[in-house]
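Quick note, the sequences are listed as chains A and B, same order. Quick note, our numbering runs 142 ahead of the 1-based positions in the first sequence. Quick note, our numbering runs 26 ahead of the 1-based positions in the second sequence.
These aren't lab readings, by the way, just hints derived from the structure by calculation. Be aware that one or more of the hints could be misleading.
Facing chain A, from chain B, some residues (calculated, C-beta under 10 Å) [what the hints assert, rightly or not]: (1) Ala160; (2) Asp274; (3) Phe276; (4) Arg279.
The calculated lysine-lysine pairs, modelled on DSSO-like cross-linking and capped at a C-alpha distance of 27 Å, are [what the hints assert, rightly or not]: (5) Lys376/A / Lys309/A; (6) Lys427/A / Lys228/B; (7) Lys259/B / Lys468/A; (8) Lys164/B / Lys376/A; (9) Lys813/A / Lys180/A.
Quick list of simulated restraints, FRET-style, between CB atoms [to be verified]: (10) Asp311/B / Tyr326/A: 30 to 38 Å; (11) Asn199/B / Arg475/A: 22 to 30 Å; (12) Arg385/A / Lys323/B: 23 to 31 Å; (13) Arg270/B / Asp388/A: 51 to 59 Å; (14) Asp201/B / His325/A: 50 to 58 Å; (15) Asp274/B / Asp388/A: 47 to 55 Å; (16) Tyr472/A / Arg270/B: 50 to 58 Å; (17) Ala305/A / Asp201/B: 40 to 48 Å; (18) Asp388/A / Leu313/B: 44 to 52 Å.
All residues carry an ideal CB built from backbone N, CA and C; glycine is no exception.
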Amino acid sequence: MILRLFMTVALFSTASAAEKPLAPFLRAYCLKCHGEQKQKGDRRFDHIAGPETYQEILDVLNLAEMPPEDEKQPSTKQLKQVVAWLTSTLRKAREAARENVGKVVLRRLNRSEYLNTTRDLFEFKMIDFDPTTTFPPDDSVDGFNNNGEGLVTSDHLLRNYLAAARKIADKAIRPGPRPERIHYRAEGQEISGHSRGLRPEIARMTIKDRQPLGLRTLDKRKIPADGEYLIRFKALAYNRKSRYKDEDLRYNSDEPMRLSISIDSRELGATAHRIIGEYEIPDEKIIEIEHRTWLDRGFTFHLHWANGPNGSFKRIMRKVLPKYTKDAIYPLRNPPEMYIGSGPELHVYSLEIEGPFYDQWPLPGFARYFPNPPRRPDAAYLDASLTRLAQRAFRRPVTNAGLEPYLKLARQHLTDTKDFWKAANYGVRSLLVSPSFLYNPESGTGSCNPHELASRLSYFLWSSMPDDELRTHADDGSLLRPPELQRQVTRMLGDPKAKSFVSNFTDQWLGLRKLGEMPPDPEKNPSYYADNLESAMKEETRRFFAHLLAGNGSLLDFIDSDYTFANDALARHYGIRGIDGTNFRKISLQPSQHRGGLLGHGSILTATSNGVETQPVLRGVWILENLLGTPPNPPPPDVDPIEPDTRGVSTIRELMEKHRNNPTCFECHRKMDPLGLAMENYDHIGAWRDRYTKKLRINAKGEMPDGTVFDGVEGIRNYLKARPDQFTHCLTEKMLTYALGRRLAFTDRDDLAQIVETVARQNYNLRELVQQIVASEVFRSK
Amino acid sequence: MKRLLLLGCSLLATIANAADQRPNVVLIIAHDLGRDWVSCYESDHQTPNLDRLANEGVRYETAWSMLDARLSHDALLLGRYPSRLKERQPSLIDLLVKAGYTRINYEIDGELKLTGKSPYLLLCALPVGIGNYAGQVKKLDERAGKLARATADENTFLLFTSTGGSPVPGKLNGDEQPVGKRAKADCGAHVPFIIRAPFLFKGGRVSRDLTDFTDLFPTLLELANIEKPNHLKLDGHTLLPSLRGSDDPFEKRNWVVSESSGFRMARDWHHILDTNGRFHDLDKDPLQQHQVSVQDKQAPHRRQRLQMILDRFETNAEVRSETPTP
Chain A
143 MILRLFMTVA LFSTASAAEK PLAPFLRAYC LKCHGEQKQK GDRRFDHIAG
193 PETYQEILDV LNLAEMPPED EKQPSTKQLK QVVAWLTSTL RKAREAAREN
243 VGKVVLRRLN RSEYLNTTRD LFEFKMIDFD PTTTFPPDDS VDGFNNNGEG
293 LVTSDHLLRN YLAAARKIAD KAIRPGPRPE RIHYRAEGQE ISGHSRGLRP
343 EIARMTIKDR QPLGLRTLDK RKIPADGEYL IRFKALAYNR KSRYKDEDLR
393 YNSDEPMRLS ISIDSRELGA TAHRIIGEYE IPDEKIIEIE HRTWLDRGFT
443 FHLHWANGPN GSFKRIMRKV LPKYTKDAIY PLRNPPEMYI GSGPELHVYS
493 LEIEGPFYDQ WPLPGFARYF PNPPRRPDAA YLDASLTRLA QRAFRRPVTN
543 AGLEPYLKLA RQHLTDTKDF WKAANYGVRS LLVSPSFLYN PESGTGSCNP
593 HELASRLSYF LWSSMPDDEL RTHADDGSLL RPPELQRQVT RMLGDPKAKS
643 FVSNFTDQWL GLRKLGEMPP DPEKNPSYYA DNLESAMKEE TRRFFAHLLA
693 GNGSLLDFID SDYTFANDAL ARHYGIRGID GTNFRKISLQ PSQHRGGLLG
743 HGSILTATSN GVETQPVLRG VWILENLLGT PPNPPPPDVD PIEPDTRGVS
793 TIRELMEKHR NNPTCFECHR KMDPLGLAME NYDHIGAWRD RYTKKLRINA
843 KGEMPDGTVF DGVEGIRNYL KARPDQFTHC LTEKMLTYAL GRRLAFTDRD
893 DLAQIVETVA RQNYNLRELV QQIVASEVFR SK
Chain B
27 MKRLLLLGCS LLATIANAAD QRPNVVLIIA HDLGRDWVSC YESDHQTPNL
77 DRLANEGVRY ETAWSMLDAR LSHDALLLGR YPSRLKERQP SLIDLLVKAG
127 YTRINYEIDG ELKLTGKSPY LLLCALPVGI GNYAGQVKKL DERAGKLARA
177 TADENTFLLF TSTGGSPVPG KLNGDEQPVG KRAKADCGAH VPFIIRAPFL
227 FKGGRVSRDL TDFTDLFPTL LELANIEKPN HLKLDGHTLL PSLRGSDDPF
277 EKRNWVVSES SGFRMARDWH HILDTNGRFH DLDKDPLQQH QVSVQDKQAP
327 HRRQRLQMIL DRFETNAEVR SETPTP
């Protein structure tokens, strides 16, 4: 607010000194619709509130969006004059503002950053460990959930931080000898969960009983300590092709049987169930399988028949069995001896688990902070250890004075309890709930110091804390040197942790987190679920982004490309032949397949539909917002959305014509409707279609407010291709917002423009965009 | 002409070869010996020879004879439940002999002479003599052992069973048993049943598959390669899949029946139901002394299924004997 007031004053003082061409211009061309009488699009220019409005006027003039075609047009000379005046005035105001006003936003770690940071701090395997499940979800601001404005702190969250710190400390502090190994083994019917069988040496999963198999001892005692375990079992696929018809069992006898291993915890509930491996089991031949995996304390594991018969066993017992034997009665309680062995079955002969195994003990995440603990660790060792931890956890150099309160707490606890490891646990907890851990190290204004820069960089590219190398370059200050900074960006993008950037940024930029909010009807879209298309679609878009990020090409490929990434199911969905196997790969595309660029991605097409039909308005808004960077204004509060009154209307286009008759709607809808309607060839889950019904062809023609006419999605692609800088500007704006973790201010415009210009010169390389963002003044200062 | 002759010769040779490969058949049928006197069935009375035989073959846990010796013979050798024997039909022995089997007789205590003629059929009834029952069973065990040893070659099918329950109660798993002979209960028909056939399977197995006396007929027809005459009706099911250790229940029986005049009972692996409406869970109540618990949710359905089996028989069908006791 102070910033805004200041800006207004600055602007008007600057303006009063100069010649003012704006006021007459506004009077002549704008105030008719945006003045005292009318406030189209909720805009009113007879009384201007702040510099953001000036920026907005400049933008629409630059894009020739305003005044509308059918209104009086300014001359080129007038236009140039006003634009030049606005541009220079805004630049001066920005410069003035930058010198005087900082815009640092205090930013805490969001949930995924918190999780990644604890992972890297203690070198945890986070597979089944998530202390943040009860955290409240982080709010998004401008589409991103790492924005400091949205990352508020509440009493509820603080309590959660306390609980999480306890869990983390309990897990991290593991002194003492290597945990003892367990070895549980069961043979045949000692294995739990099997169907009552006739042969004691076999635990079976049958047409009736397909309950997961497990080890009774383990189910009772659970995994005793985090570590690497070995799961071993012997299994055989029995009677894969049997007398039963596949449709009776709802089963595919052509596939080899598959057995999957799940990790689960009854206490943590259904969410703590995860498949960690799947194996093909050969027909009528015993196979022995060993699976090595990391398991967390308190968990257990089970075996499942991944592709066994489907549906209720009651149906099979009541409807199917009597079809095949006259000796069965209709109710389901026939003696099991009558049907066990008659159909396909998965037989398990033995099941065992052994572990934990460790490459190193004590664990590296513990030994790093508590190296070689003396036999009787004392307060001095406690201080030293906690200081070692704080140096890393706080992501900045710590002083003895700054740390003293934490150390004092821990020492006091040591005096009270006389238990060193309890005190250490207490100390670790106090560090983990410290603001220095929870908030990013930025204070004051001006250029970032090397530690602040390191932190910005690693939360941008890794959503996690800086690693040792980055920290070293921060400690000696070399990170401030542009070549070193560039080298670090290259290194970090090559690290597996950069996956966080790919998924967090792509998902939020493109709104992919909406996927699954309005899922398609399972009855009408069976393959969407059977082939797990939702995650395949997400994967496609992420891979596409990752591919470009690896330095492989121009970010204009987002607009159109002759390749994409798919597995067999997704290719099938897209109507592309000849792709086998569930692994994702790069595939080349023909124009006739209509899949180039983001606009052909099922993820986006599905996320902008409601699960039943397409929503052209949403798709139009999506393009304006995420590709063109010109989000329409939200609908005015006094206008109800058009009820889908389908009387006398046969297509969505006709329904949307209604916008045309209402000028209030038309103002904005003339921008989004044509874009959305041009994409009507993609249905609600992104499959291509030429007609709605047999008789009803799709009309995908559209005309933009600037007079561009196009037909179908190709038209949109060409429209975007003709505006590479506008798209680049949009993407840069999004990425910069994500990188900075704050809303962009109009003072950031110059840097933004400069980044876009440089990237355009570099063939629009996406990797270069990341480099330029990091190198920019705005990223390197607070 | 010469060619024809050659053809004829080779044909003959094939037939002879096929005949040579058919297994010998030895049926040892004890009279009135229940499981409660055979130690491999958990009796405390020792029958070392039968135990050895069980070790060489498959021992069936659940095999049912008919409810008296005469009817048991009928079922075994005619392959039908006695109540279903409406007209005369050839016996198993007739068919085997007709197919070229040599019948060998065996005298109790006499020398066993196995002539060179193969395949042979040896049918041997071993009654339990009069006197001390335990002593007689011991003698029977010795005789059976002697027979088993004498016929112990690779290509011989040997069945040891009994026509019904014991007249003198023995013990099973240490528990006193009721008199089995002519008892209208499981113990009246639940007999020892051991098959040794080295050419089919390795020995030492215990089978929980169900079988009753009608199953021998189709089994031997299949083993002796005899096509079933069209008019011949059989009630049983071949035991070969069971003997070979098949896991497929559809190739095996899921119920068995035993009869005496005006009475019939059926059982599966766990439950028994008879025409007098007595229904019991044999796992929990082998001596059939208690009502099935009303809380047992499965039992009514099991009963319903056994009733369905019993309903397939004519009620009050006359039961008469067709063959003379061998």
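Taken at face value, is the distance from the CA of lysine 228/B to the CA of lysine 427/A at most 27 Å? Given pair lysine 427/A, lysine 228/B holds - Cα atoms ~20 Å apart, limit 27 Å.
Please verify whether lysine 164/B and lysine 376/A have alpha carbons no more than 27 Å apart. Not satisfied, since the Cα-Cα distance of roughly 46 Å exceeds 27 Å.
State, for the Cβ atoms of arginine 270/B and aspartate 388/A, whether the hinted interval 51 to 59 Å holds or is violated. violated, 27 Å
Quickly compare the C-alpha distance for lysine 813/A and lysine 180/A to 27 Å and report which way the hint goes. Distance ~20 Å between lysine 813/A and lysine 180/A Cα, so the pair holds.
Below or equal to 27 Å on CA atoms is what counts here, so check lysine 259/B against lysine 468/A. holds, 19 Å
Between the beta carbons of aspartate 274/B and aspartate 388/A, is the distance compatible with 47 to 55 Å? Given range 47 to 55 Å: violated, Cβ gap about 18 Å.
Do the Cβ positions of aspartate 388/A and leucine 313/B conform to the proposed distance bound of 44 to 52 Å? holds, 46 Å
Quick one: are aspartate 201/B and histidine 325/A within 50 to 58 Å, going by C-beta? violated, 40 Å
Hint says 50 to 58 Å; check whether the CB-CB distance for tyrosine 472/A and arginine 270/B agrees. The hint (50 to 58 Å, Cβ to Cβ) is violated, given that tyrosine 472/A and arginine 270/B are roughly 32 Å apart.
Status of the hint placing phenylalanine 276/B at chain A (closest C-beta pair under 10 Å): holds, 5 Å
Holds or violated: the hint that aspartate 274/B contacts chain A, with Cβ atoms closer than 10 Å. Where the cut-off is 10 Å and the nearest Cβ of chain A is about 5 Å from aspartate 274/B, the hint holds.
Holds or violated: is the Cβ of arginine 279/B closer than 10 Å to a Cβ in chain A? holds, 9 Å
Going through the hint list in order, the structure does not satisfy hints 1, 5, 8, 13, 14, 15, 16, 17.
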